[in-house]
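Same order as they appear, the protein sequences are chains L and F. Here the working numbering = 1-based position in the first sequence + 162. Here the working numbering = 1-based position in the second sequence + 53.
You may find that some hints are simply not true.
Okay, the calculated beta carbon distance ranges per label pair [claimed, not checked]:
1. Arg75(F) - Ala296(L): 51 to 61 Å
2. Gly89(F) - Glu218(L): 28 to 38 Å
3. Arg214(L) - Asp350(F): 51 to 61 Å
4. Glu187(F) - Arg214(L): 23 to 33 Å
5. Asp153(F) - Ser238(L): 24 to 34 Å
6. Gly239(L) - Pro86(F): 49 to 59 Å
So the derived list for chain L, only partly shown, Cβ under 7 Å to chain F, looks like this [said to hold, decoys possible]:
7. Arg176
8. Pro177
9. Gly205
10. Met206
11. Val208
12. Ile209
13. Met219
14. Gln226
15. Asp228
For the record, the hints were derived by calculation from the structure and aren't laboratory data. C-beta atoms are modelled at their ideal positions from N, C-alpha and C, and glycine is treated no differently.
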Amino acid sequence: MTSSTEQQPGAPARPLRILIAKPGLDGHDRGAKVIARALRDAGMEVIYTGLRQTPEMIAEAALQEDVDAVGLSILSGAHNVLLPRIVEALRERGMGDVPIFAGGIIPDEDAPALREAGVAGIFGPGSPIADIIAFIRAHTPARD
Amino acid sequence: MEHPLTRRELARLITRIENGERGAQDALNALYPHSGRARIIGVTGAPGSGKSTLVAEMTRVLREQANPPRVAIVAVDPSSPFSGGAILGDRIRMRDLYGDPGVFIRSMASRGALGGIAAATADVVTVLDAGGFEVILIETVGAGQLEVDVARIAQTVIVVEAPGAGDEVQAVKAGILEIADIIVVNKADREGVAQTVSALKMALDIAPAGAGHHGAQADNEPVQSDAYHWQAPILKVSALNREGIPDVLAALQHHAEMLAASGEGERRRRKRVEADIQARLRELLLQHALHALTNSDYQRVLAAADQRTLHPAEAARRLLQSLNL
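From just these sequences and the hints, can you work out the full model?
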């Protein structure tokens with residue numbers, strides 16, 4: 163009924179799975195929830211893990227949930243410490259190829275070092291959500 | 054298994070199964086003979102009744118036992134019917150389990166399935182079972198009255214109620230209460246517990262004792278094994294305050310013993326397999342039909358039904374006829 167390159171009728175495209183986590187000690191997760199909801203509305207499956215996650219908790223959740231990308235919201239100012247540790251914890255688990263993006267309050271001058279450390283996407287306050295969605299789509303090629 | 058899967062391999066295999074990717078069925082075929090050993094428990098109930106917290110606490114207590122079982126949790130949340138996306142938030146309540154290598158938590162979106170679990174949940178459970186998890190807890194989407202599919206997978210179903218959530222009329226209604234082997238009244242530290250418990254008791258008294266319910270029923274078969282005598286216990290729990298969890302685990306143990314001793318466990322297992330095969334056969338037949346039909350036949354019948362000159366049932370019958378099965 164359908165051409166062979168098309169998907170079968172009724173079979174939806176594979177949804178991307180994205181982990182959204184809040185590392186560190188700040189207790190404000192409104193931004194993270196706004197992102198989670200926007201990604202859901204873009205057709206993604208968002209695993210939301212809540213507040214005060216350690217780098218190891220985040221990496222372990224990313225592993226068990228087999229996510230396509232990890233998004234981190236940090237408002238505490240501890241991004242220069244926490245983000246590289248999360249990159250490292252993911253690498254230790256063989257997930258170094260999973261793209262990481264971060265938002266919250268990250269000054270522009272911190273961005274180059276964070277990119278160098280392996281945070282592929284950095285979205286400051288006021289970043290359009292469309293940019294984040296575009297980032298995720300661009301960095302998550304279809305897997306085998 | 055020849056060699057146990059790493060956690061990473063397990064997680065990736067689950068994704069491939071969820072997506073129906075190439076090779077997933079071959080992997081399932083190979084793993085299936087190694088499954089069938091796990092204790093599979095369904096936890097269902099209304100949104101906000103505290104299912105995630107209960108599951109987390111049950112897991113924590115199980116893991117504190119001597120010779121603790123390895124525990125896997127499959128937590129299902131609904132997919133948006135509009136975008137197909139989902140927010141899977143059950144891990145928020147399970148953070149205390151972090152760091153325990155004997156626990157594996159996987160969130161699943163329902164992906165259009167309406168029965169409280171996802172279409173792939175049964176196969177994901179098979180993988181975890183074959184992967185050596187001795188206890189598998191399936192947390193359904195927040196369920197009301199019709200989302201009873203977890204009874205097709207689980208050996209024992211826990212229905213979670215919260216005070217004030219189910220008045221008498223709600224409790225008497227058919228639905229998830231009928232699949233309950235154990236009823237947990239959670240948030241028992243709150244007001245209204247006594248009323249909720251008595252409403253539930255009354256609902257169970259009205260129902261025939263131990264009404265059987267698991268799996269597909271064939272007309273001429275007994276509803277349940279004669280030796281199966283089980284009245285779902287009503288247990289007061291405060292999962293958040295860590296109260297009452299040992300009672301739940303004891304009830305699970307009793308139910309497992311009753312299932313084994315009465316032969317009911319075996320009967321339910323056969324029924325589950327049969328229902329599973331029938332559901333998959335239905336799906337295969339549909340796929341087969343959609344592939345075999347010519348587009349022009351299909352579109353003509355579709356248009357006729359759309360114009361209301363042909364009833365959809367008659368349309369389906371004609372399509373079936375044209376297949377010459």
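**OP:** Could you tell me which of the hints above the structure violates, numbers in ascending order?
**Re:** Violated hint (a single one): 1; every other hint is consistent with the structure.
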